[in-house]
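**Student:** Keeping the supplied structure of chain A fixed, place chain B upon it in accordance with the hints.
Keeping their order, the protein sequence lines are chains A and B.
Note that the working numbering numbers the first sequence so that position 81 is 81, with each residue one more than the last.
Note that the working numbering numbers the second sequence so that position 129 is 1129, with each residue one more than the last.
There could be a bad hint or two in this list.
Stated by the list, open to error - Partner residues aside, some chain B positions facing chain A, computed with beta carbon under 7 Å:
1) Leu1090
2) Ala1208
3) Ile1236
4) Pro1238
Unchecked claim - The following label-pair restraints were derived from C-beta to C-beta distances:
5) A:Pro35 x B:Pro1219: 56 to 62 Å
6) B:Arg1043 x A:Lys183: 31 to 37 Å
7) A:Gly170 x B:Ile1128: 18 to 24 Å
8) A:Glu214 x B:Gln1173: 25 to 31 Å
9) B:Thr1232 x A:Glu214: 50 to 56 Å
10) A:Pro131 x B:Thr1015: 57 to 63 Å
Calculated from the structure, these hints are not laboratory results.
Positions of the beta carbon are idealized from the N, C-alpha and C atoms, including for glycine.
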Amino acid sequence: MFTPVAYQFIKRLLILLATLLLVSGVIFLVLQVIPGDPAQIILGIQATPENLQALRHKLGLDLSLPVQYWNWMSGVFRGDLGVSITYDVSISELILSRLAVTFPLALLSIFFAVVFSIPLGIYAALHRNRPGDYGVMVFSQIGLAVPAFWAGILLILFFAVYLQWFSAGGFKSWMESPLGALKSLLLPALSLGLIRAAVLARLTRSCMLEALGEDFIRTARAKGLAERVVVYKHALRNALIPVVTIVGLQMGELLAGAIVIENVFNLPGLGRLIFLAIGQRDLPVVQGVGLLIAFFIVIVNFAVDVIYGVVDPRIRSGSEEI
Amino acid sequence: MKQPLKNVNLVIGGTLVLAILVTASLSFFYTPYDPNRMNMAKRFQSPGEEYPLGTDQYGRDILSRVMKGAVNSLIVGWVAVGIGMGFGILFGSLAAFWRGWKDEGVMRLMDVLYGFPAVLSAILITSILGPGMVNSMLAIGVFNIPIFTRLTRGTSLSVWQRDFVTSARAVGQRNGRIIWNTVLPNILSPLIVQGTVQFAIAILAEAALSYLGLGTQPPHASWGRMLNEAQTFMEISPWLAIFPGLAIAWAVLGFNLLGDGLRDLLDPKLSRTRR
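Just chain A, same shape as in the assembly (with noise of 0.2 Å):
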């Protein structure tokens, strides 16, 4: 009835879906059971039990777990992820303001890691085992190993404090100062591309080395075809597959994991967002954001499955074996 990549579709799809839920059912209890009541937060200790069983009422938090589950997640389908305790305002308006900070710092660190690393890459790839190629990959080893919150206190050190070029930290909004908001990114961008550059030279260069090696390589030079072209549109293109999956995981693991960067440049972003409200115990606010990052990762894994199984179809075989 299906052909096989239909099939292999709709699979994921449905494991897509059941995936979601159980996460969104692991974020609910999850929280459920962090210690600290939020109606004591926000009332303080000095609120009479009458007024935290009103408060608590009035949030729902005096529902069985199922119900309160239930509620969530029929808000979630209408797109209503409730009211932020600690900011009083809807938590969907709340996101949107996060991500105009976390999507561009995603968008531009990934931008810094694809100009680093490609290049770089290419280059040690055509000149394996000369002193360049090293270079590369000593540049990597010391990427892979410098954590990225290092990395932004060090530029800040240098470009903030030392050469006075950024300002330490914070952000301005993009209504007020696009330039400035940029501006306010950069060295952020910088520290997480940099990092990530060193994965994608590594990836570049073996990809590289993998498809300079290949029949159809040996075929197009004896065509006698210019060695630009060999090297850009014939290896690189196929090189190309695998590093553009990474680059979108890593596009996915940036919307969801730049916690620390944002802590380190006080950037009011979505990781700062949810590290913040576990600590003011705002549960609404950590389920919604939780659920839309593990939104993000899980559809773009089952991007990069798809797009993989549609590109290569040995990996489609392969993956019913492994």
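**Tutor:** Same frame as chain A, now just chain B:
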């Protein structure tokens, strides 16, 4: 098997790791100063003869604290990888043995665990259990479980198809015995290599958690915490932000290179394809 001493990654990685191990062991018997002793008269001393790496805002010796921090990082690495490997091998071996819907169930559960960002999961876990070194080890260990489960399952599946497993079954060996005596020894190499890599990742994760204030608590020394404190005083004492970071990079580089070296040594086929 290649000659270990010709393996550059193994030699450099091994040396870096050995240096960390020696430093950590030494710190039990000797540190230049008491790492937690405050000396307000000696605040913000720059690196010199008296204090080779300088002092912090409380006059504590940075070198002594970096040395003690190594113990902290190594313990977190061991425990986190131990938790991941222990549960991962158990779940992965069972999934590979079961196949079918039980296997699918275990692996989807691992997908959920794996699908959630590690730092975020660790923050959630430490929020539930409370900040501290033990809880951060647990949090990082939990993140390691799906990685070892996937690896164990993937490698075990092919071993189960091999003739020597079929023979073991034919002579009537019990399944548990086959897993323990026949399958596990054959998948040990990739597990050791992955363990080394995860050790490096655990050190990075602990540093990140401590930086956020969720890992090792003051006054105990932790590289991540030291970087957090350094950020406030970076303008007057930049060295505060340099040495703990260098120590993290040193340890992570060491374990990464050791992992690469072991991979080349234990699995030449893999290193050839990986290049």
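**Student:** Compare the structure with each hint and give your call.
**Tutor:** Now for the hints, and whether the structure bears them out:
1. The interface hint given for Leu1090 (chain B) is broken, as the beta carbon of that residue sits about 19 Å from the closest beta carbon of chain A, more than 7 Å.
2. Restraint check, Ala1208 (chain B) versus chain A: the minimum CB separation of about 5 Å is within 7 Å; hint holds.
3. Hint status for Ile1236 (chain B) relative to chain A: violated, with the closest Cβ pair at about 10 Å, above 7 Å.
4. The restraint placing Pro1238 (chain B) at the interface with chain A holds, with a minimum CB-CB distance near 6 Å, inside the 7 Å limit.
5. About 24 Å separates the C-beta atoms of Pro35 (chain A) and Pro1219 (chain B), a value inconsistent with the hinted range of 56 to 62 Å.
6. Between Arg1043 (chain B) and Lys183 (chain A) the CB atoms are about 34 Å apart, so this pair conforms to the stated range of 31 to 37 Å.
7. For Gly170 (chain A) and Ile1128 (chain B), the Cβ-Cβ distance of about 31 Å falls outside the hinted range of 18 to 24 Å, so the restraint is violated.
8. For Glu214 (chain A) paired with Gln1173 (chain B), a C-beta distance near 44 Å fails the hint of 25 to 31 Å.
9. The hint said 50 to 56 Å for the Cβ distance between Thr1232 (chain B) and Glu214 (chain A), and at roughly 54 Å that hint holds.
10. Between Pro131 (chain A) and Thr1015 (chain B) the CB atoms are about 22 Å apart, so this pair departs from the stated range of 57 to 63 Å.
Of the numbered hints given earlier, the model fails hints 1, 3, 5, 7, 8, 10; all others are met.
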